[in-house]
Amino acid sequence: MPQLFPGHADNDVKSVTSEQQDKELEGTKLSGSLSFITNEKKGLSGVSVNKIIPAEDSSSDAEEKGIPDLGDITLGKNSFDTNKDIVEKIIDSTDNPNDRCWTFRSVLIGCGLAIFGGVLQCLFYFKPQTILVNGVFLMLIANTFGEFLARVIPKRMKWLNPGPFNRKELTIATITADSASSCALAVEVIAVQKLWYGQDVSWGSGIFLTLTSQLLGYSFVGLGLKKALLYPTEMFFPNNLAEVSTIHALHNGKSDPVKMKRTKKQLKWFYYCFLAMLLYEIVPEWIFPWLVGVSVPCLAAPHSSTVSRIFGGTNNNEGLGLLSFCFDWNYISSTASPLLIPLTATLNNLAGYFLCIIVFCAVYYGNVWKAKNFPFLSQSLYYESSKPGDYQTYNQSAILDKNNIMNPTLLKKQGIPFMTATYAVYLLVTNLSVGATFTHMFLFHRKEVAICFRWVKGLKAFFKNWKQNLKFWKTLRSDPRLDENGKLPEIYDDVHMRAMLKYKEVPTWWYALLLIVTFVIALVCLYCGKTGLPWYMLVFALVLAYPLTLFLGGLYAIFGFGGTQMQTVIQMIGGFTMRQPKPLANMYFTLYGYNSVGQAFLLLNDLKKGQYVKIPPKDTFFAQILGSIIGAIFNYIMMNSIVSAQGSILKDIESTSVVWSGQNVQQYNTQGIAWGALSKEMFGINGTYHMIPLALVIGFFLPVPFYLLHKLRPKLGLNNVNTPILIWYIGWLCVGVNSSITVYFIAAFISQWYLRKYKPTFFKKYNYVVSAGLIGGAQVAVFILSFTIFGAGGANTTHNFPRWWGNLNGATGILENFDHCKYTNYGE
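For this note's numbering, add 24 to where a residue sits in the sequence shown, where the first one is 1.
I should point out that these hints are in silico values taken from the structure, not numbers from a laboratory.
A quick note: this is a predicted structure, and the numbers were derived from the prediction, not measured.
No residue lacks a Cβ here, since even glycine has one placed at the ideal position from N, Cα and C.
Check the hints yourself; a few may be wrong.
[As the list claims (entries may be wrong)] Taking CB as the label site, the calculated pair distances span: (1) 781 to 740: 19 to 29 Å; (2) 708 to 223: 23 to 33 Å; (3) 548 to 782: 55 to 65 Å.
Between the sequences and the hints, there should be enough to build the whole structure, so can you do that?
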């Protein structure tokens, strides 16, 4: 269980100095004869918050005597109003520096799960049923194996079994496995190059292309971004909290009897939620899929196309899911757990959601961009001659010459394609959101942004005294966490950051060396691999990626918002800046521009996780690199094997195979042609969708009115209007299953408003472990069902549940929606 009151270490292990202990949490806690002790201190935002001094014995006695949770009677003023409240009051800050991170167990489990996760994720990229390997899922497996090895390995073999499996070993193993458990974007690009362009990339070029694209983004983190996105307390990475809380709950009570009593109750909640969700998930996933979206309007008007578009949502691209109630946690938490995302982000999400419904209906029923000639929701390109009920998918390969360059004559013959109006809105608001992000972060978080650019001042000083500074590596080894006076800046100052100062930071020159080495190797591979991407476009992709990482990373670190899809923006910029319309070159431009941003987010997220668990930064860095190397190698091996053996099936648009599917690579190829070959024709000044690129510029100005009004009328709270988040959610419902939205918001408000404000002690003890239990149970259940029932294990592992009213599975040959709404994708 996480230590409920951070800052109080075990008697035999001091995690903070006596001077730091004076700064520990104080506040109020009511339990039996407990008295009130308060001491106000200003938080980061200037809000007066209460610090807490625990009375551990009283709390333990209260639990043993069955006294209700303090959340039932704790004063509202002790609610968690700021990010610093969450960081200091919920996440355990104790540390045992003697706990080892790198052991035989952590390396064996981490590398083993890295291979497992990397192979599995790449395997399912080419399957009809896609599975995402979740970090909580990997963490639970790692802990199970760790505890098992601690019991079976003889204790006399200290180098193999140094003692009980500790939380640092678990975290290192999880970070190693998690960093490998993705299907690298390079694998998608190389697969497209093999299948549609007939270019066979050598093993050496393929592996190093994959490896460099995974590692280049990591170098951004150490070149200024840590100071802006990692060190500030405000950047607390809410998506980490469930996993971190569970790690502490699993291990903190092992050596402390007092903590053990509290841990037992917390772990009970975790295991109850995990087991309940594990057993329950089979019902909505297989037996009773109607529970994915219970829609009263659909039941009332099952033959109405309008009702289906607005209220339907259980099937992919069915409708907007308004007033649908979902009872499948796998869908509810598909983008992020509602129990983790801060209330401010959720409120902006909610506003964007309602605007999305209004805008989508307006553009479709207003026939904007000939909307009624195409499906309501779809991501494909269509011929202009399409009609309702006769949608004609565009043949992108028919416009390319033998060198895979767009041929104007062939394009004139085929005509310029159209997209659905709702997808065009999504692209437009995505660009608005990206543009607004820069201005929003500058206006509302300028301190954190300014820190990132302090290197300019240092660079000037370096050149001014260049003779004395020839040994630059000494300067690069300085601790970036401290200011010029060797002190911790105020915006960094929290109990976790102070506890981490005893561990050396990763030297800046390590990141610089990583950038140089990966850039050179990437450049060689691009030319050897016949990608068509010139060296200056690689440089431009990285220059573009750095500021995107800084500004968009701020939203991710503060609000847990990773929704802004930079891929579309970077593809568009690449399409407009290429000298020739080369789809393949555009894909590689996107690979290094977009993927570098995502990988930087991944390292920042894991470095923050390491800070919360007290992992030395160098150890986290090595674990991340190790996992990425393993993942890149096995990703490429799996992709090459599958593409070589199943190429014809992967290219078949109407394939009926239940074992293999090329849907993902087909979509990526479509995007590459649309943006790489047709960007000027579709999105140029005379193009049908010319407003989409202009939205990038317009977006820069959108946060300004809210900022000025906030300065004039601070009491209105307009600083809580997060324009990048709100605007992006106006295009949120353009794809996927949308029936889960209503319950998502209900769960979010119960957790982040009611419990956080009125039951803070209950929120502190159980919110994040409950979230981890629900996510873990759902992930394990879907994983098992995919192999045993849904066909992921092979052709003989598909077992459809018998068709009945609650399971309209299309077994009769009629296309149906689970919520009984009319199926409209074939037209009116």
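What hint numbers does the structure not satisfy?
Per hint list: zero violations.
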